[in-house]
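Given the coordinates of chain A, assemble chain B onto it according to the supplied hints.
Protein chains: 2
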Amino acid sequence: MQNMIFSVDKLQKFTQEVFLKMGCSPEHAQQATQVLLSADLRGIDSHGVARLIGYVRLWEAERVNAQPDIKIVHETPSTATIDGDRGLGLVIAPYAMKIAIEKAKVAGTGWVAIKNSNHYGIAGYHSMMALEHDMMGISMTNASALVAPTFSQERMLGTNPIAVACPTNEEPPFVADFSTTTAANGKLEILQRKEEEAPIGWVQTKEGHPTEDAGILKKGGALLPLGSDRVHSSHKGYCLGSIVDIFSAVLSGANYGPWVPPFPSYVPLPENPVGEGVGHFVGAMRVDAFRPAEDYKNHMDNWIRRFRNSTPVEGQKKVLIPGDPERESEKLRRKEGIPLLEPVVKDLQSLADKFNLEF
Amino acid sequence: MQNMIFSVDKLQKFTQEVFLKMGCSPEHAQQATQVLLSADLRGIDSHGVARLIGYVRLWEAERVNAQPDIKIVHETPSTATIDGDRGLGLVIAPYAMKIAIEKAKVAGTGWVAIKNSNHYGIAGYHSMMALEHDMMGISMTNASALVAPTFSQERMLGTNPIAVACPTNEEPPFVADFSTTTAANGKLEILQRKEEEAPIGWVQTKEGHPTEDAGILKKGGALLPLGSDRVHSSHKGYCLGSIVDIFSAVLSGANYGPWVPPFPSYVPLPENPVGEGVGHFVGAMRVDAFRPAEDYKNHMDNWIRRFRNSTPVEGQKKVLIPGDPERESEKLRRKEGIPLLEPVVKDLQSLADKFNLEF
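Read top to bottom, the protein sequences are chains A and B. Residues 1 to 359 in the UniProt record's numbering are what the first sequence lists, from first letter to last. Residues 1 to 359 in the UniProt record's numbering are what the second sequence lists, from first letter to last.
It is worth saying that the hints were derived from the structure and are not from the lab. Hints should not be assumed to be uniformly reliable.
Note that identical chains are pooled: a pair holds if it fits in a single copy or bridges any two copies.
Once the Cα atoms are required to be at most 30 Å apart in a straight line, the calculated DSSO-like pairs of lysine-lysine come out as [what the hints assert, rightly or not]:
hint: 1; residue 1: K105; residue 2: K218
hint: 2; residue 1: K206; residue 2: K318
hint: 3; residue 1: K218; residue 2: K317
hint: 4; residue 1: K71; residue 2: K218
hint: 5; residue 1: K194; residue 2: K318
hint: 6; residue 1: K71; residue 2: K105
hint: 7; residue 1: K219; residue 2: K317
hint: 8; residue 1: K318; residue 2: K219
hint: 9; residue 1: K317; residue 2: K331
hint: 10; residue 1: K219; residue 2: K71
hint: 11; residue 1: K194; residue 2: K98
hint: 12; residue 1: K71; residue 2: K335
hint: 13; residue 1: K218; residue 2: K318
In isolation and in its complexed conformation, chain A is listed as follows (with noise of 0.2 Å):
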């Protein structure tokens, strides 16, 4: 499949657009491209404009409220409660992250639970926000069940991703973003494109089998929490996803487990919910509120070089840090545009034929 390159700001200038067809305010519009293309940046192609599409659907199925009047609903000096009032996540959880910021600067730490959200894009993004203000960034979301925890059959759990962003001195900033599943969806949608299967450890079929059909999802097949099987420790992957799922969703009011709203706005909604909306998890630290921060800083500078200096195995240049590829991927694309698929380019195409934009 061929790629075609685009430049950063015609994406920006025309994911704006969209945002702001769908009726959303000129702000909210600004900071859902910001939050999109950070990820195409950042080279996690699966959360950038390839998903613009789905937003607009989820809107079209009034399942996403372009115009939210998202507020706190309960608050301590530490603590904040936050209905999106079924916005786009896009929007909620930087302005969650804002508030966690601003909690920070007075209590030493500030934590947000979010419901009644939607898909809040790249965790990163959110955690990152912490940095300009010399505070380490958590962030975390739920998301519908694609997961079997071990020993379960039933997908019980989303990829439920964590991103934690700690500031520096003269290296740049420690970012790690994951998911709590061994693989992610995008990379079996990539091997479905190729015809190559799965590796061992991935997926397992509908009755729990281990499997290397790349397409089992489809078949009712589950994707495997971090670590596999049990012999491997997946139930602690199973644990991560579950405290992901708890923090977002059973402390701010939202759904959780198998009750979580799926992003596809064809998939029926779960029956008897149990909460409202997506749920979202946000934390802002002072590294300042525990010791000062230039010390902090600078240990973070010696933490990070030590890392990439330890020896690399055989065949291997170096040992990475968490947030360098997706660093690098930024550096190069930001001067070399950003590569989009072909099917992503029809749907922005046919979602410029629909808003009669230019693209």
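Just chain B now, kept in the frame of chain A:
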């Protein structure tokens, strides 16, 4: 190897006497004993009285201060940093958790970073202290380097466990407590005793190659992060272990990465330390800082019931909830006593001889 069964009371009394002989205050001796015994009760044999002799040796080597002056060196409304004065982590971590709980009562959440500590026992004990206050408890610690990051030959991280405890209403609490590696050291020791091989994906050789040698750590090999290899997302386990290291040590001013002091007293301390002692990080979040406690706890009950009732794969009776196996163990062992392996009994006997105690 034969097991001998001991009553909880007898082990408790003996362990407490050993800590008193080390010079611990009665209060500290009781606290340290409680943490060790909770590991034996919960079936985490590697972290119970089997380690008592190790703590005594650290004290003999003057690496543990039995009469520490534990104090807060920095704080904000929701945070504190503790200097453990080289005391037992078994005493320092519960002390820090109490501060986190007190902070949470006022600020909604409380977060405490700890430096200048030692091995703190099972992570789960500290997180569970929050439960009776209707709080979620979080606990993590770094440990001496046995784990090779993805692409690294060198051991750079400890098994760095994370524990999260969530209060419930009618169901028993959710308690996840797990190392961020595919397998922890204890499992390898069991295989070595049985002269069995380790599954591929648990360990690597000194050169970074896959191996089934359960004794490879003694030959310069390394444990692998949760995920095992790059194809199965070991980089996510590497991220997790790194996050625990940074929260525990870069935030607190303890040693991190390859500088973390070892548990065995005969292993030399790493040169040129970058901080003080071992580091931990604990936190407590009042659930009613986010929503009414009854709502949260009822939804936790519902979460647990739904997951417990998910359809198991063939050959499995049911899907487990984090904390189930440990709870089963505790029920059984409170009734039938705690089984100890012969070498552990010998170690305890040698402690009895050393301190003129009855065992």
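Here's how the hints hold up against the structure:
Taking the shortest alpha-carbon separations for K105 and K218, neither the intra-copy value of 47 Å nor the inter-copy value of 47 Å comes in at or below 30 Å. Taking CA atoms no more than 30 Å apart as the test, K206 paired with K318 passes between copies only; the shortest distance there is 16 Å, against 40 Å inside one copy. For a Cα distance limit of 30 Å, the shortest separation of K218 from K317 across copies, 26 Å, qualifies, whereas the shortest one inside one copy, 38 Å, does not. For a Cα distance limit of 30 Å, the shortest separation of K71 from K218 qualifies neither inside one copy, at 37 Å, nor across copies, at 57 Å.
Taking identical chains as interchangeable, the C-alpha atoms of K194 and K318 lie at most 30 Å apart only when both belong to the same chain, with a minimum of 29 Å there against 37 Å between chains. Within a single copy, K71 and K105 get their C-alpha atoms as close as 20 Å, and across copies as close as 24 Å, so both meet the 30 Å cut-off. In this assembly of identical chains, K219 and K317 lie within 30 Å of each other by CA distance solely across copies; the values are 24 Å between and 40 Å within a copy. For the identical chains of this complex, K318 and K219 are inter-copy neighbours only, at 23 Å across copies versus 40 Å inside a copy, given an alpha-carbon limit of 30 Å.
Only within a single protomer do K317 and K331 lie at most 30 Å apart by alpha-carbon distance; the minimum there is 19 Å, versus 51 Å between protomers. Taking identical chains as interchangeable, the C-alpha atoms of K219 and K71 are never at most 30 Å apart, the minima being 40 Å within one chain and 58 Å between chains. In this assembly of identical chains, the alpha carbons of K194 and K98 never lie at most 30 Å apart, being 41 Å within a copy and 55 Å across copies at closest. Taking the shortest alpha-carbon separations for K71 and K335, neither the intra-copy value of 39 Å nor the inter-copy value of 51 Å comes in at or below 30 Å.
Taking the closest pair of Cα atoms, K218 and K318 come within 30 Å of each other only across two copies (25 Å); inside a single copy the shortest separation is 38 Å, beyond that limit.
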